[in-house]
Amino acid sequence: MSQFRQAQNQAHPSKTNTLVLGIICILILILTMQIWLLTAALNTALEGDEGIKWPAFAASLALFLSGAALLRYLPDPMRKATKKPPLPPRI
Amino acid sequence: MNLPPRSPADVDFPIDRVEAEHVSRREFAKFLCLVSGGMAVGNGWVAIKDQLFPPFRVEGEVFVCKTGDVPTGGTHPFTVPGSKIPFILIHLNDGSWRAFEQKCTHLSCAVYYQPDSDKIECPCHHGYFDARSGEVLQGPPPRPLPRLEVVIRGDEILVSEARGETLS
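Note that the protein sequences, when read in sequence, are chains A and B.
The numbering of the first sequence is this note's numbering, which starts it at 1 and goes up by one.
The numbering of the second sequence is this note's numbering, which starts it at 1001 and goes up by one.
Mixed in with the good hints, there may be bad ones.
Each pair of labels, with its calculated beta carbon distance range [unchecked claim]:
1. G1073/B / L65/A: 54 to 60 Å
2. D76/A / K1049/B: 23 to 29 Å
3. S1133/B / A40/A: 40 to 46 Å
Just a sample of chain A residues kept apart from chain B, beta carbon distances all over 12 Å, derived [claimed, not checked]:
4. R5
5. A7
6. Q10
7. K15
8. W36
9. T39
10. A41
11. A68
Which stretches of chain B does chain A cover? Using the computed rule of at least three CB atoms under 8 Å from a CB of chain A, they are [said to hold, decoys possible]:
12. 1024-1035
13. 1040-1046
None of these hints come from the bench; they were simulated from the model.
Idealized CB from N, CA, C, for every residue including glycine.
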């Protein structure tokens, strides 16, 4: 069996750590943009401007969907190393 | 294999408190995504509510009071039929008239006119509006005060919808 994955993990032990932190940073960025969109849409709607609310909603929805798609790339939780069963004695 | 004996407390509460309160980074990322969905729903709610329930518009011209009822530098509160929005009619020092919604655009506190400085003040967070245009001069209000057009007919003061503006 190929040892590629195991060797890669040994070469870059903090790979999943970087990936999770990167995803969290992007999600926080998405959330910040959505807060800005919400306040902008609310303010312009109350001001009587009709042209902002639907584009702001579409942008906010697109940001949410992209954030949800990012969750697919969250690494699985670390599994504890399982002990291999001993090989059967050679006859 | 011999396992160490478990205490009765461990049997009754098998999950450690620290373990139960622990929020992993995976869970945190999922929570961020949930909040993001809430933001999208909120944005949709703003759009749908504004579409289905458009802002109130003053129909035609509405009588407010007689010109002699409000001295120079004075104000007169009023409402428009069909709405509970409070308005304020202002007789400016130069003799002109203005009518604005009396709710601050920050947190809806009642604003009042200061004849000395010719400004409208919100006492809650010290927001100031220009008494001529309703524009924000200072403080936290994000938008100008919604304005009504004032029409003088003889000694009667009437208000109508300002051109190109609706009331929130």
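Going through the hints against the structure:
| no. | hint | result |
| --- | --- | --- |
| 1 | G1073/B / L65/A: 54 to 60 Å | holds (56 Å) |
| 2 | D76/A / K1049/B: 23 to 29 Å | violated (41 Å) |
| 3 | S1133/B / A40/A: 40 to 46 Å | violated (23 Å) |
| 4 | R5 | holds (20 Å) |
| 5 | A7 | holds (25 Å) |
| 6 | Q10 | holds (22 Å) |
| 7 | K15 | holds (14 Å) |
| 8 | W36 | violated (10 Å) |
| 9 | T39 | violated (8 Å) |
| 10 | A41 | violated (5 Å) |
| 11 | A68 | violated (6 Å) |
| 12 | 1024-1035 | holds (count 9) |
| 13 | 1040-1046 | holds (count 5) |
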